[in-house]
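J.: Each chain is listed here by its residues.
Number of protein chains: 2
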Amino acid sequence: MTHLPVLLEDQDLAGALEWLETQPAYSIADEIARMDAVESVITFRLLDKDRALEVFEELDPVDQQQILEGLRDQAFGDLVEGMDPDDRARMLGEVPAKVARRVLAGLSAHERHMTAALLGYPEGSVGRYMTPETVALQQNLTVSQALEVVRRRGANAETIYTLPVVDTGRRLTGIVELRELVLSDPDRHVAELVVTEPPSARATDPAEDAARLMRETNALDLPVVDSEDRLVGLLTIDDAVEVIEAADTEDVARQSGAEPLERHYMSAGVFEVSRKRVVWLMLLLVAATLTVSVTQAFEDELATATQLALFIPLLIGTGGNSGAQAATAAVRALAVGEVRTSDLLRVIWRECRTGLLLGAMLAVLGLLVGALFVGWKIAVVVAITLVVICMWAATVGGTMPLLAKKLRIDPAVVSAPMVTTLVDATGLIIYFTTAKIVLGI
Amino acid sequence: MTHLPVLLEDQDLAGALEWLETQPAYSIADEIARMDAVESVITFRLLDKDRALEVFEELDPVDQQQILEGLRDQAFGDLVEGMDPDDRARMLGEVPAKVARRVLAGLSAHERHMTAALLGYPEGSVGRYMTPETVALQQNLTVSQALEVVRRRGANAETIYTLPVVDTGRRLTGIVELRELVLSDPDRHVAELVVTEPPSARATDPAEDAARLMRETNALDLPVVDSEDRLVGLLTIDDAVEVIEAADTEDVARQSGAEPLERHYMSAGVFEVSRKRVVWLMLLLVAATLTVSVTQAFEDELATATQLALFIPLLIGTGGNSGAQAATAAVRALAVGEVRTSDLLRVIWRECRTGLLLGAMLAVLGLLVGALFVGWKIAVVVAITLVVICMWAATVGGTMPLLAKKLRIDPAVVSAPMVTTLVDATGLIIYFTTAKIVLGI
Chain A
1 MTHLPVLLED QDLAGALEWL ETQPAYSIAD EIARMDAVES VITFRLLDKD RALEVFEELD
61 PVDQQQILEG LRDQAFGDLV EGMDPDDRAR MLGEVPAKVA RRVLAGLSAH ERHMTAALLG
121 YPEGSVGRYM TPETVALQQN LTVSQALEVV RRRGANAETI YTLPVVDTGR RLTGIVELRE
181 LVLSDPDRHV AELVVTEPPS ARATDPAEDA ARLMRETNAL DLPVVDSEDR LVGLLTIDDA
241 VEVIEAADTE DVARQSGAEP LERHYMSAGV FEVSRKRVVW LMLLLVAATL TVSVTQAFED
301 ELATATQLAL FIPLLIGTGG NSGAQAATAA VRALAVGEVR TSDLLRVIWR ECRTGLLLGA
361 MLAVLGLLVG ALFVGWKIAV VVAITLVVIC MWAATVGGTM PLLAKKLRID PAVVSAPMVT
421 TLVDATGLII YFTTAKIVLG I
Chain B
1 MTHLPVLLED QDLAGALEWL ETQPAYSIAD EIARMDAVES VITFRLLDKD RALEVFEELD
61 PVDQQQILEG LRDQAFGDLV EGMDPDDRAR MLGEVPAKVA RRVLAGLSAH ERHMTAALLG
121 YPEGSVGRYM TPETVALQQN LTVSQALEVV RRRGANAETI YTLPVVDTGR RLTGIVELRE
181 LVLSDPDRHV AELVVTEPPS ARATDPAEDA ARLMRETNAL DLPVVDSEDR LVGLLTIDDA
241 VEVIEAADTE DVARQSGAEP LERHYMSAGV FEVSRKRVVW LMLLLVAATL TVSVTQAFED
301 ELATATQLAL FIPLLIGTGG NSGAQAATAA VRALAVGEVR TSDLLRVIWR ECRTGLLLGA
361 MLAVLGLLVG ALFVGWKIAV VVAITLVVIC MWAATVGGTM PLLAKKLRID PAVVSAPMVT
421 TLVDATGLII YFTTAKIVLG I
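Just so you know, the sequences run in chain order A and B.
As numbered in my numbering, residues 1 to 441 make up the first sequence, in order.
As numbered in my numbering, residues 1 to 441 make up the second sequence, in order.
No lab work stands behind these hints, which were simulated from the structure alone.
You may find that some hints are simply not true.
Which copy? The list can't say, so a pair holds if one copy fits it or any two copies do.
20 Å max Cα-Cα, derived SDA-like pairs, lysine to any residue [said to hold, decoys possible]:
1. Lys-276 x Trp-349
2. Lys-405 x Met-266
3. Lys-276 x Ala-360
4. Lys-406 x Met-266
5. Lys-436 x Thr-306
Working from the sequences, and respecting the hints, build out all of it.
T.: See the structure below:
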């Protein structure tokens, strides 16, 4: 099948319409995310009303904004009124104030009220991602009465599979799964089926923590409460998966010394991409001047044994690699909850021994390489340096993310490049000092 | 509250029992995953039968194996009989043949049959992760008849929220959500509520692709079919989330030049961790000998202008950072489906311009640093080198993951260290060649 961009380029309107009709909403959203502003608005206008809403809800906030700006008032109003309140709040949190005002003005009182409530929660918190439209039950109902409540009030709810149970003060006392209601004898009481003390989150908690908790507990929906334990919503699994994916993408980008892009990789411009990368590159370049100073400090030794210069890239490269491995493993283990900051000493001890073992194995290889290129004496220096550098790099790399977390900094900013740069300078000191001792210069 | 390991160390059995009683299953599993073999078996034996199964299902296959080996036949049999068939198949796929035989021998005929069927699918495929126990409906039922089927056959199914609809040959024709059945008039026909052509997967497809499709389509469960489109199971969202988490952890490890650990970070031994890291370190060290050769080839130039050596770490470090940023962004964009291999030329063109822009900005900084340490002439060499290196590194880093995918290699093996090592050697050539031209040596 011809791809949509080709059809648009050929101005094949009939072909484009047919393509849009036969493709699922998520595929259309995928194509739109890859387009520039003009193309995406043109494509969007070709969709009929119901499809338009479906596709719109699949888009990222930046793309949603782009499309809203290209729509007339009627289409604009229909679109924002039809969105789920949590999707809408998330979009509003990221668009300019002018657009946000236009959106809120176009909403019905009921929808505006719900959206405003979600916007009251801090960015990145559970409150921004939860759905406020839940079907809550009282404990004293029978199963058939409960199912009746679900039938009466379920149409507007984003999910009816998890039914929070509340007391008369709307405080959360448990949950009942729809599965249990459907499979149980209609005369039983809800109280018998309630899971008390279910995993839950506060609306002000970080959304990532709540999402990881859902992953750990295999929950389909997580009840969300306010500071007084009153039910305010449910975090659904699809939103949780989205939160985890975004958090992982952010971690991955930070780990490489870049800030995450706010939009689709293919539609982000060269300037935007550069802006996300340049800050760290500059900071690291400045930090790397340390390597210039260190090398300068050992200029006499370098002049005496010029062959030492040959191994500088190899040694600091290996140190950097070893440090990056340890840092990456630690950041990921922290993210998925396998390591806690209280494990600091155990991590140091493990990485220190791991680095020693790795260094010893690499030293054998280094000895051969060194002997091959410049003879035994410098080869010994290279081998010893490898052992010390690997031990040092693995320990620093494994420790820094935990220290960052203790200091309430995102552990992912302890990027591979940051560890590499740090290990570069210290590695040179280790190298030249070893050379001085072994070669007696 | 005192942590479990402390209680065990103090031999405070009553305290340990109390801790185990009050903690949710996933927390207990979390603690067990961090323990060594002996501690984990002791802890596990303290659990009562129902809890034991709950906790067991939360563990990774390596930990499950460890525990099974420490159990007597009765407890062993109860445990494996109670597991979900997909969890059991996944565990069996990773344990030694001896353990697998003991497990299969202990199962009832029905459970053994289901497990064997799942084990027939290749490792990492959807078939290993799906649940074969589904409630399938026929299209000609009314809503109330369909609900009756669900009530009668739902108790054994892992999920009843997605009900596959099949024809008389058991071929998948659509799905109905339980939500629709519950909220609809009981006299309507299932045919009216069916979603035809739902997203689905083949049992032999890679589980990661199916899981990403669920993420894109916000599906709670994905119908799984065989090569003749007959329904064979459902992939549930909790398994999909687990698949994505494991795939991301693998990508992250590979990106840092290490193979992923098979077990919990805190319980993996120093030898196991070293084994996962040493192969890449060795390969990269060998590749880095290229930098030794290059430097050696330019030894005369280095001897003439010894100050050139000062900037080697800074330049190759910056090149490596720039390449790592581009590579990491490309690998992630491929993983989440934002970039396709057909985008190769567009990616090259984007990264090339991004690198040029970044290089130009860094060159200004490089000029200042160079002038500060050694004077203008070498500073100009440093600045020019930064522009060329950044452009080259970003292009190589962004391109290689796409090329790898074209060659059907996991793009994540194009790790930051691999790009860095490659850019190190070529970067030195760029540096020394620029020096020769500018300094006229």
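J.: Report the numbers of all earlier hints that the structure fails to satisfy, in ascending order.
T.: The structure breaks none of the hints.
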